[in-house]
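Engineer: Here are the chains, one letter per residue:
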Amino acid sequence: MTAPTPGHDDCGRTLEQLSDYLQTGASDDQDHIEHCPQCQAGLAALRRLDTLTKALIEDDVKRANPADEPWFRSILDNLRLETRSGRTLPLTANNPNDALSETEGSVIALIRAAGDAVSGSTIGRCRIDGDLTVPGAPVRVDLNVTAVWGTSLYGLADELRKAVADALAAHTELNVTAINITVTDLATEQP
Amino acid sequence: MNNRTQDLTGLEQTVRQAVLSTDGVDRLYPADPTWRAALKGGLALATGQQTTPQDVDLKVQAQAPTVRLRIGVTGTIPAPAVARTVSAVVRQHLLEAFPGQEPQLTVQICAIGKDGQQQETAM
Numbered sequence: 001m002t003a004p005t006p007g008h009d010d011c012g013r014t015l016e017q018l019s020d021y022l023q024t025g026a027s028d029d030q031d032h033i034e035h036c037p038q039c040q041a042g043l044a045a046l047r048r049l050d051t052l053t054k055a056l057i058e059d060d061v062k063r064a065n066p067a068d069e070p071w072f073r074s075i076l077d078n079l080r081l082e083t084r085s086g087r088t089l090p091l092t093a094n095n096p097n098d099a100l101s102e103t104e105g106s107v108i109a110l111i112r113a114a115g116d117a118v119s120g121s122t123i124g125r126c127r128i129d130g131d132l133t134v135p136g137a138p139v140r141v142d143l144n145v146t147a148v149w150g151t152s153l154y155g156l157a158d159e160l161r162k163a164v165a166d167a168l169a170a171h172t173e174l175n176v177t178a179i180n181i182t183v184t185d186l187a188t189e190q191p
Numbered sequence: 001m002n003n004r005t006q007d008l009t010g011l012e013q014t015v016r017q018a019v020l021s022t023d024g025v026d027r028l029y030p031a032d033p034t035w036r037a038a039l040k041g042g043l044a045l046a047t048g049q050q051t052t053p054q055d056v057d058l059k060v061q062a063q064a065p066t067v068r069l070r071i072g073v074t075g076t077i078p079a080p081a082v083a084r085t086v087s088a089v090v091r092q093h094l095l096e097a098f099p100g101q102e103p104q105l106t107v108q109i110c111a112i113g114k115d116g117q118q119q120e121t122a123m
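Same order as they appear, the protein sequences are chains A and B. Following the working numbering, the numbering of the first sequence begins with 1 at its first residue and continues without gaps. Following the working numbering, the numbering of the second sequence begins with 1 at its first residue and continues without gaps.
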C-alpha cells in the first residue's frame, strides 16, 4: 500500500491515485476526487509539475545534443504518445485502401487547449464517453473546470461549450451530442 | 546495401519530404512502437552503429506497397482534411514508384496543434 500524499492527510489519497485519474479520467474513487479540495489542489499541482517536467526533459535532451542519439528522441516521442494515445478514432478516407484516424489523446489535448484558451478557467478532468471507434456514434464530452472567482459561471460555461464544440467540429468527425461542464473548484486567481 | 534497399530508402525520403511539405502538417512521429525503437537504439549503441528513427514505415508486401505514418498537424487546417491530403500525396508517389500496384496507407494523427500548444497539454 502506498503512503498517503504529504499534505493529503485529510483524505488519504495518494499522488499515484491522482496521477492515474488525471491521465485516464477514470477512478474507482471518482466521486471523492471530484469533490475533495485537497485532491483538486493535488491535481492542479500535478498538471503544473507535468508542464515543468516536460520543459526540463526538453532542455536536457537539447543539452545532450539529441542529433547524436536520434533513437533516444524517438523513444521519448513515442512514450509521450503511447501513454496518452487512447482509443483510435476513424476518419473518412477517399480511398477504400486507406486507413485514416486520430488518437483519442490528440483530441483530448485539443479539447484542453480550446478550454484553457477561454479566460477565467482551467480544464481539469476531460473525458469523452461513447464508442469513439464507430463512425457517427453519439459521444458526450464531460469537462471538469476550475473557474476564477468572480467569473460569471453561466457565461463561462457557454464560452467553454462553444470553444470546445468549434474545435471538435473543425478537427474531428465525432458526433458530439452533449458537452457537459461541471465547475468543480473556484480559484482566486488564474490557476 | 542492395539496389532494392536503396530504392526504398530513397522513396522513404521522398515520401517524408512530401508529407512534411503538405499544408497543415507539423511533424512526423516515429512509426516504430517504443519497445522496438528502444531495442534498435540499444543494439546500435552496443555495436557502435548509427541508427535513425524510422518515421516512414514503407514496406512492399506481395508486390503491393504499404506505408504507415503518424503525424502531428498544426491545427490551422481541419485535421481530417490534412489526413486525406497526406494520403493522396503519398499515394501519388507510390503509384509513380510502383505502377499498377494499389498502395495501402495508414495515416494516424497523433497531435493537433503546434508543439508547445495543444500537444503539450495532453495530460
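Keep in mind that a hint or two might mislead.
[What the hints assert, rightly or not] Computed footprint of chain A on chain B; a stretch qualifies when at least three of its residues, placed anywhere within it, have a C-beta under 8 Å from a C-beta of chain A:
| id | stretch |
| --- | --- |
| 1 | 80-89 |
| 2 | 100-110 |
[Unchecked claim] Calculated from the model, a selection of chain B residues having no Cβ within reach of chain A, i.e. all distances over 10 Å:
| id | residue |
| --- | --- |
| 3 | Asp7 |
| 4 | Glu12 |
| 5 | Gln17 |
| 6 | Val60 |
[What the hints assert, rightly or not] Away from chain A, derived, C-beta distances all over 10 Å, residues of chain B:
| id | residue |
| --- | --- |
| 7 | Leu8 |
| 8 | Gly10 |
| 9 | Gln13 |
| 10 | Thr14 |
| 11 | Arg16 |
| 12 | Ala18 |
| 13 | Ser21 |
| 14 | Thr22 |
| 15 | Lys59 |
| 16 | Gln61 |
| 17 | Gln63 |
| 18 | Val73 |
| 19 | Glu96 |
These are computed hints drawn from the structure, not numbers from a lab. Glycine included, C-beta positions come from ideal geometry on N, C-alpha and C.
Engineer: Decide, hint by hint, whether the structure agrees.
Structural biologist: Hint-by-hint comparison with the structure:
no. : hint    : in the structure
1   : 80-89   : holds (count 5)
2   : 100-110 : holds (count 9)
3   : Asp7    : holds (22 Å)
4   : Glu12   : holds (15 Å)
5   : Gln17   : holds (17 Å)
6   : Val60   : holds (15 Å)
7   : Leu8    : holds (19 Å)
8   : Gly10   : holds (19 Å)
9   : Gln13   : holds (15 Å)
10  : Thr14   : holds (19 Å)
11  : Arg16   : holds (14 Å)
12  : Ala18   : holds (15 Å)
13  : Ser21   : holds (19 Å)
14  : Thr22   : holds (14 Å)
15  : Lys59   : holds (14 Å)
16  : Gln61   : holds (13 Å)
17  : Gln63   : holds (14 Å)
18  : Val73   : violated (8 Å)
19  : Glu96   : holds (16 Å)
Violated hint: 18 only; the structure is consistent with all others.
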